[in-house]
Amino acid sequence: MNELSGGFADPAIESAIAFRAILKVTARPGRVETLTGHSGPAPISSAAAAVLLVLVDRTTPLHLAGDHDNPALRQWIAFHCGAPVVAAEEAVFALGSWAALTPLDRFAIGTPEYPDRAATLIVDGHDFDAKPAELRGPGIKGKAKLALPERKAFIANRARFPLGWDTFFCGGDRLAALPRSTEVR
Amino acid sequence: MTDQAYNFAYLDEDTKRMIRRAILKGLAVPGYQVPFASREMPMPYGWGTGGVQVTAATLRPDDVLKVLDQGADDTTNAVSIRKFFQRTASVATTESTGGATVIQTRHRIPETPLTEDQILVYQVPIPEPMRFLEPRETETRRIHALADYGLMQVRLYEDIARHGEIATSYAYPVEVAGRYVMDPSPIPKFDNPKMSDCPAIQLFGAGREQRIYAVPPYTQVVSLDFDDHPFVASKAEHECAICGSGDSYLDEVITDDAGGRMFVCSDTDYCARRAEGGAA
Ligand SMILES: [Zn+2]
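Protein sequence lines, in the order shown, are assigned to chains A and B. When we follow our numbering, the leftmost residue of the first sequence carries the number 82, and every step to the right adds one. When we follow our numbering, the leftmost residue of the second sequence carries the number 391, and every step to the right adds one.
So that you can see chain A by itself, here it is in the shape it has in the complex (with noise of 0.2 Å):
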């Protein structure tokens, strides 16, 4: 395996599997769906570079953080996706673990014409595992739980809706998103 493998051997198929796990994630926050077959150099999870293969490519600038922002994934990236790598302000989507990825208010949160023009974040190393918030809104019948990295931040995104960056959450092979309309308590 060289370094710049990990990739889809069937992009077309294999996209379209995997964006169906990202759009079931997105639609229904709390779930956690599981991304196999893709890897990319440390220390990008498996679910992670999924991600970077289904929605990243050169018109989505990339941001990483930490301790993604290294050598080998950047030509990893360049490869594959060719995004881009740009500082926190100017990116679509944003790679890193938690603590890499703050201060928060870097990213794009879109405009009251746009919101659509707001940051992705791609969470990874999450730990799936830890104390689980609960979650109500959109996509979620009554409530649902998701271990998250801390409660505030996302209670913070969800007072400015429309406004507001998305965040997926990966680690290994799983996967789960929480939108900016999702309500943290």
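Treat the hints with care, as some may be off.
[What the hints assert, rightly or not] Counterexamples of contact, computed for chain B against chain A with all Cβ distances above 10 Å: (1) D463; (2) S486; (3) R526; (4) A557; (5) A604; (6) F616; (7) P620; (8) A623; (9) S624; (10) G634; (11) G636; (12) D641; (13) D646; (14) R651; (15) A665.
[To be verified] Pair ranges (Cβ atoms, derived): (16) A/V167 to B/A537: 30 to 38 Å; (17) A/P213 to B/P620: 33 to 41 Å; (18) B/G667 to A/S86: 50 to 58 Å; (19) A/P165 to B/E642: 40 to 48 Å; (20) A/T115 to B/V454: 21 to 29 Å; (21) B/P432 to A/T115: 49 to 57 Å; (22) B/T558 to A/A168: 45 to 53 Å.
By construction, these hints were calculated from the structure, which means they are not laboratory data. None of the values given here were measured: they were computed from a predicted structure. Note that beta-carbon positions come from the ideal geometry of N, C-alpha and C, so glycine has one too.
On the provided structure of chain A, position chain B with the ligand as indicated by the hints.
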């Protein structure tokens, strides 16, 4: 057999990525219209190119696709879209609502309740609910940004003043998750309540107008109304002449030259199942 001249589901990977990103932002901001760069499709705009692009970016090879057009699966439009995806994505197809994993629709929501395992893709001609009240895009953006929907309330109230009730019977505006006012596409208002608290994912694609929007599962979708004129999901006051259903949406059909007429279910799959198996 997949036609090898095409990528899976026809669209190239760059286009699918762009559409997929728009779908996800649409789910994150329910009811908000996300702009996207609509592609030329091998069919005219009136044939649901927006819905086709959303379906193409959503399909997996193991999906079972149903295409519903005004309640029927056998219209020219439905047949051609179904064939398009059989050819370009090799997906299985069905006319059964319960047997489908992805349903692309124009003008109806199936009568059979949808499930968590399903995605409903709407073909949308005009995504902007304020378009006929305010033609300027900059102005409708401002209205949505400020949630300043008074103009829509005025229009509906003028209906009441003129007709004694809200006369709008198709594309009846809804409020999604307490924030955005959204056009539900030209479904009869009878179908509006099915959008609310629905277990399925609902995606909307407008090709010519280049907009994608979404309603996540279990999201509140409320038809706009007034305390003194509550919303009524009305239908013809008849039972289906074929299956006897008293609570499905009915089409009036002319039966003979002498002006004979009857009412039958608009949803032909629902009606056929009831007629076959007694009460469905
Ligand atoms: Zn019937």
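CB-CB spacing for B/E642 and A/P165 relative to the 40 to 48 Å hint: This hint is violated: roughly 58 Å between Cβ atoms.
Distance rule for B/A604, whose beta carbon must clear each one in chain A by more than 10 Å: Violated, since 8 Å does not exceed 10 Å.
Distance restraint hint 49 to 57 Å, applied to the beta-carbon atoms of B/P432 and A/T115: 36 Å, violated
Quick check on a hinted range of 45 to 53 Å for B/T558 and A/A168, using CB atoms only. 48 Å, holds
Would the least Cβ to Cβ distance between B/D463 and chain A come out above 10 Å? Holds, because the least Cβ-Cβ distance between B/D463 and chain A comes to about 24 Å, which exceeds 10 Å.
Distal placement of B/A665 relative to chain A, Cβ over 10 Å: 33 Å, holds
Could you let me know if the closest chain A CB is still more than 10 Å away from the CB of B/S624? 28 Å, holds
Exclusion check [B/R526 not at the chain A interface, CB over 10 Å]: With a cut-off of 10 Å, B/R526 remains clear of chain A, as the shortest Cβ separation is near 13 Å.
Holds or violated: is the Cβ of B/A557 farther than 10 Å from all Cβ atoms of chain A? About 31 Å separates B/A557 from the closest Cβ of chain A, which puts it past 10 Å; holds.
Assertion that B/P620 lies farther than 10 Å from chain A (Cβ): 24 Å, holds
10 Å cut-off, C-beta based - B/D646 kept clear of every residue in chain A: For B/D646, whose nearest Cβ neighbour in chain A is about 48 Å away, the distance exceeds 10 Å, so it holds.
Beyond 10 Å from chain A, beta-carbon-wise, is B/A623? It holds; B/A623 is separated from chain A by about 22 Å at its closest Cβ, greater than 10 Å.
In summary, the structure is inconsistent with hints 5, 19, 21 from the numbered list given earlier, while agreeing with the others.
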